[in-house]
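*Asks:* Can you make the complete structure from the sequences, with help from the hints?
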Amino acid sequence: MGMIRKHRYLISRRTSQISIMLLFIAGNVLGWKVLAGNLSTSKVLGAVHLADPFAVIQIFATGNSVSSEALVGALIIILFFGVFAGRAFCSWVCPVNILTDMAGWLRKKIPGESGERTLLMSRNVRYWVIGISLVLSLFTGVAAFEWISPISMLHRGIIFGMGMGWTAVLAVFLFDLLMVRNGFCGHVCPLGGFYSLIGRFSLLRVRHDREKCTLCMRCIETCPERQVLPMVGKQTALVSSGECSNCARCIEVCDDKAMEFVGKFFSAKKQDEKEGILS
Amino acid sequence: MGADMGSDRKEEKMPERRKFLTSILRGLGAATVGGLAWTGFMDGKKAYPLVLRPPGAIPEEDFLAKCTKCGICAEACPYDALIISAPGDERPPGTPYFIAREKPCRMCRDIPCAVACPTGALDRSLVSERGEKGGMKLNIDLSKMGLAVIDRETCIAYWGIQCDACYRACPLIDKAVTVEYIRNERTGKHALLAPAIHSDHCTGCGICEHVCVTKKASVFVLPRAVAMGESSARYIKGWEKEDEQRIVDLPEETQTITPRSEKDPLDYLNKEEF
Chain V
1 MGMIRKHRYL
11 ISRRTSQISI
21 MLLFIAGNVL
31 GWKVLAGNLS
41 TSKVLGAVHL
51 ADPFAVIQIF
61 ATGNSVSSEA
71 LVGALIIILF
81 FGVFAGRAFC
91 SWVCPVNILT
101 DMAGWLRKKI
111 PGESGERTLL
121 MSRNVRYWVI
131 GISLVLSLFT
141 GVAAFEWISP
151 ISMLHRGIIF
161 GMGMGWTAVL
171 AVFLFDLLMV
181 RNGFCGHVCP
191 LGGFYSLIGR
201 FSLLRVRHDR
211 EKCTLCMRCI
221 ETCPERQVLP
231 MVGKQTALVS
241 SGECSNCARC
251 IEVCDDKAME
261 FVGKFFSAKK
271 QDEKEGILS
Chain R
1001 MGADMGSDRK
1011 EEKMPERRKF
1021 LTSILRGLGA
1031 ATVGGLAWTG
1041 FMDGKKAYPL
1051 VLRPPGAIPE
1061 EDFLAKCTKC
1071 GICAEACPYD
1081 ALIISAPGDE
1091 RPPGTPYFIA
1101 REKPCRMCRD
1111 IPCAVACPTG
1121 ALDRSLVSER
1131 GEKGGMKLNI
1141 DLSKMGLAVI
1151 DRETCIAYWG
1161 IQCDACYRAC
1171 PLIDKAVTVE
1181 YIRNERTGKH
1191 ALLAPAIHSD
1201 HCTGCGICEH
1211 VCVTKKASVF
1221 VLPRAVAMGE
1231 SSARYIKGWE
1241 KEDEQRIVDL
1251 PEETQTITPR
1261 SEKDPLDYLN
1271 KEEF
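In order, the protein sequences belong to chains V and R. Residues 1 to 279 (our numbering) make up the first sequence, in order. Residues 1001 to 1274 (our numbering) make up the second sequence, in order.
Worth flagging that the hints you see were computed from the coordinates, not collected in a lab. Each statement offered as a hint is correct.
Residues on chain R that point at chain V, a partial pick, calculated with CB under 8 Å: (1) Gly1034; (2) Gly1035; (3) Phe1041; (4) Asp1062; (5) Leu1064; (6) Lys1066; (7) Thr1068; (8) Cys1070; (9) Gly1071; (10) Ile1072; (11) Ala1074; (12) Ala1086; (13) Asp1089; (14) Gly1094; (15) Pro1118; (16) Thr1119.
Calculated cross-link-like contacts (lysine-lysine; reagent style BS3-like; alpha-carbon spacing at most 27 Å): (17) Lys1137(R) with Lys33(V); (18) Lys109(V) with Lys6(V); (19) Lys1144(R) with Lys1133(R); (20) Lys6(V) with Lys234(V); (21) Lys6(V) with Lys257(V); (22) Lys1103(R) with Lys33(V).
Which residues of chain R face chain V? A partial, calculated answer using Cβ under 8 Å: (23) Lys1069; (24) Ile1084; (25) Gly1120.
Given the structure is predicted, the values throughout are model-derived calculations rather than measurements. For each residue, glycine too, the CB sits at the ideal point set by N, CA and C.
*Replies:* Here's what the structure looks like:
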């Protein structure tokens, strides 16, 4: 029971990621109506369309428009993650995250591989990649990132057949394993960057409680986006960066209950926070 | 602020500013290199002209821009004819296509693939017509997925052996495929029952290719852009009244410029080798 509790968020995340993929597979193979399509565009319960907003923006960059179904679908996604869940797509939906987490876990087992990076790379590369995606979409007339996205290759591959897509997926795995810690999801992926940008103001946030913190620093060690935790041990505060993917690993790893999910604006401890900052 | 103070500050600031500019330039450089490699990869994938799209597909260039590669059309296809291309298929990744020889389009009357498309890459208005009551009604016969082309040298009907497999199988029999009676010169007393395709009716469904009895199909579907020529504006079928309409809007004077026509025609005749 203790083990389950200790990993409750990990179990929930994997359940969420895997069941979404299974429902998509059932949609294709068995004709289930729960989820049809894939993560690029889908139809939920045969009624509502959802669309990847970053893909839709790229299509706009090509100078084309999309149907109203796809546009509404993209807006629903933007609203859900932008207002509520933050960058949760990355750690609760995206199947690549399972793979890169595995690479990250293996990386720790490599002797002498304790450093943050083997290759020096800025975490802002992802925002550059967003820019390049849009510029290339404009010049080539097709949604540029959708053509090379390892995320698409993986989720579409699982649903419709992988082909040579495994090479790109393996490349991502090896990149994370051998070159940069959290390399793909935390540095390169423009979809992660996109959700970081729209997730900045979402309600669901991790809150750090300075009073309970015993400075063990395990949250920072385990966090795939360490730069979002500058307040640890210094002050009681919400994690405000959009780059936090709400994966809750810091919550699981903290034995002092100094990390927890709260709703921004709805937190009863809002007053305490102010005092925490002042003291 | 005094002038001296300003200049002092400038000197202090320069390294910071230079650092910032350098980092921006470095980023731009890396972005350009990455972008070029990325474009090269995409161009290689885009250049596959022989792909057959589902009914209602908008022109290929727009199709590639609009298709989000969700595969909902393929899931909607009751015959599992639509394939979602995977990396390594040498077709634009994630887009739907069919291989007529293996699984042709069965031309469903309700066109579930086109109706299901959430992005407009398959445009149902391209496969609809105005119904009797004025509303738009689906009509799969309007689809233009491709055009069947016959290789007369391997088609056994053109040899004189009786075969009308493609003709019989065609969903638009006697419109898209007809059988022409041609004199068999070899025997002198028989007719060749030769199949002929008509582009104004052929939808490119590929059922003819699917049923063709020769080892490699002697009738096969190509995208219309590949299979068809285009007549010049000023060649008119004088015996067809409608066709004359084509020149009505054209300017009376015309000039075709080629390397030869740049010189006076007399010069060309008198001085040039030809």
